[in-house]
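Q: As they're listed, the protein sequences go chains A and B. Residues in the first sequence are numbered from 1 upward in steps of one, following our numbering. Residues in the second sequence are numbered from 394 upward in steps of one, following our numbering.
Since the hints were made in silico from the structure, they are not lab data. Cβ atoms here follow ideal geometry from the backbone N, Cα and C, with glycine treated the same way. All the given hints hold, so there is nothing to weed out.
Short derived list, chain A residues pointing at chain B, Cβ under 8 angstroms:
id, residue
1, Thr189
2, Asp193
3, Asn202
4, Ala204
5, Leu208
Think about it this way: if two alpha-carbon atoms lie no more than 25 angstroms apart in a straight line, the pair counts; the simulated DSS-like pairs of lysine-lysine are:
id, chain 1, residue 1, chain 2, residue 2
6, B, Lys740, A, Lys172
7, B, Lys676, B, Lys419
8, A, Lys99, A, Lys83
9, B, Lys763, A, Lys180
10, B, Lys645, B, Lys740
11, A, Lys172, B, Lys645
12, B, Lys782, B, Lys420
13, B, Lys510, B, Lys471
14, B, Lys676, B, Lys645
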Amino acid sequence: MDRRHFLKLAGALPAAGFVPEVLAAQQPSAPRQPRQNPRKLVLVRLKGGNDALNTLIPWYDYDYYRKLRPRISMPDQVRNLEKYQLKNGGQQSLNPWLKDLMPWWDKGQLAWIQGVGYPNPILSHFESADIWETASFSTTNQGWLSHVLPGYKRDLHGIVLGGEELGALSGKDCYAICMKSPEVFLSQTNLVDPVQPNRRLNPALSHLTNIQSQVVSASNQLATKMGRPRPIGPWRARSEIGRQLESVAKMIVNGIDAPVYLVELDGFDTHANQLREQNHLLEYLGVALNAFAETMIRHGQWDNTLVLTYSEFGRRVEENRAGGTDHGAASLQLAMGGSVRGGLYGEKPNLRRLDNAGNLHMNIDFRQVYGTVAQRWFRQSNPWGQLGTLPFV
Amino acid sequence: MNTLTFSEARHLVARTGLGAEWGSIKKLEGLPIPQAVEFILSPPPSYTKPPPYMTPWRQMEPMRGEAMQRKDAWVRAKKEGENLQAWWIDQLLTTRSPFTERMTLFWHNYFTSSLQKTQQPSLLYRQNLMLRQNALGNFRQLLRSVARDPAMLVYLDGYKNVKASPNENFARELLELFTIGIGNYTEQDVRAAARAFTGWGVNPGNGHFIFRAEQHDNSRLIFLRRAGSFNGDDIIEILLQHPRTAERVVEKFWHEFVSDAGPARRTVMSWANQFRKADYDIKTLLRVILNSPEFWAASNRGNLVKSPVDLLIGTVRMIPYPRLRHSEMVNLCRLLGQRLFDPPSVKGWEGGNDWISTQTLLVRAAYLAKISRGNLNARVDTGLRLPAKEGQEMLDWLLAVPPVNPLPDIPGQRRLAHSLLRDPAFQVS
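Okay, chain A solo, but in the shape it has when bound (with noise of 0.2 angstroms):
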């Protein structure tokens, strides 16, 4: 984003008071190429392989899909509810629990990517989690970010909300930390004290002392920049993603330089009573996404923010004994955000064409989508460059 774009931004926010502070702040500093608002996407992995076919019901062929799935398909009250269809959404509707991202798709800054997966699949979960955070089919610890963010900054890279797995964002060359939230990283930083890196130790202390500094320094800019937040506002979204949202969203507005930020929703393994149980969780997702959304916006930061989500693999076609649904393959991402061109990419679930174990083929390789997000959003050259980028952002 360049300069005059962002005062443009600022001086169209409705909270007047925040804009000269972060003007005053910024402007003395501000080299010659200034990036105030420096881009920043945010992954919510779907824990436990997200069902597409809930997600987005199929209308194009509802009475099959009604076959397939006698006790776990959208009701039929719902085809009447108009609002849940998709304008221009390809004879599909929102998951009604979803309502809440229903605005964001009107708008023009919600996506949807289907089909998404990659040949071959592989229906564990740890597996297929390990081939999604690394991109790579072969055993490795090195997250597909840590292929595009070392070039594209330095020092801190990411910060995983929640979760314990570093995922996309592990490998040796990648600066990320873990958090529960804000506050509990600090108070556990309190343990460890400040060290210099020293590379004249021996190997495996100078890595200790490298690592011990980075925990220090993003402590330190935590402690610096949210010692005092400015306030994000009202926050309405109180589950445990919400939550996660809301630490990232205080991060963001005040100025912490990480890109990237993980945050994760557990929970989509429905092997049983999938219909209430991943409404449940499609709530959630939906009311803190709104939630952040209409924060990012609120104070100028949407344009430079992609929310971006994953599953592990989507679900079985057919429904199971227990009214919930085995490991799939194929599933959807949904990309938001105010650069995010939305609509619907990627081709629609095929009902009538399954493979051998009954699962939809997925039509976009994964690193596609990862690959749109190194080339297109954070303009680096792309890993996998060879499989070509979507037009969503």
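Using the hints, position chain B against chain A.
A: Structure of chain B alone, referenced to chain A:
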């Protein structure tokens, strides 16, 4: 160097045990190196405690396969798996022979099998007993036992490897990870090895090894340029005749006992030769390593990051701080990236610097702070008795290398220990 100084004895104890235990160091201090090494290599018998209840194989196996019961099997395996992890934690905390535990853990990381994949805690337990028995024995025997081990047969799909549909998983890892390593065999060798192991399976009734002759492929094979009708043991024998097998074992030992960097080619060749000359006697190899100038080199002191087990268990074996519950230790192992019986992949734990990330560093710091907190005022008696005297003796005992950060200004043994535990130097062995 004629006899071991305190620091040298400490190095030997810390590298071969769990924590630099004061009593063990004192026992070795003043001994000539070979004598001290013999002492380490002749550990007292190590009795294992009875294991927790684990669902027997014959009951678990059908559950794993049956779609409706898979979840139950998973929940059960998870719970029993955690109990089994706690069992090993207890072993590690209480054993009289930390060297045995350490070597068992080493082989567990060499011949990995995981709860995650097998969902058979009872098999993992039996594998652990097998690794223990062979930990200081003969590598040939160990390899043959591993190839027959039910947990391994399930973990690497050997039990599905039958004449009509060979499964290459075990054969591939046997070549790639357990013996000669990549670049020394062809895909055709993998297929031949797989066929030689056909019919090696798990008895559905009792979960023990079974050889099913009717499932075994007797046809003539070509393996590593040799032709014959081979069985699994023949394959192992051919692999043991290949120089790379001993060399790769030596490399693993080097990284465990000496350094992350290296080893030099001539060291590998010399140690591997001695290992093969001793017909793969593991103790002989250890004797060579622990007596070597490389092991004792000053540059190889304090240059290995402590594994989570070393840090969690070793610290409380060294210092009589209050201990956490076993279940908490199991959880900490998970947070620190070393779930026992559950390495992340067939390659095992990467180890070394990989143990330390921004997140594990915080967990390590929190653990050490938690156990060493308490009143640091020297005038208050907390009942904590430390063997070393305040000052240099504490430093020499608690740290392998000098501290990175300055020491506290306020005197007091407990305060000093607390402060040294916070120093990055405490994280290395």
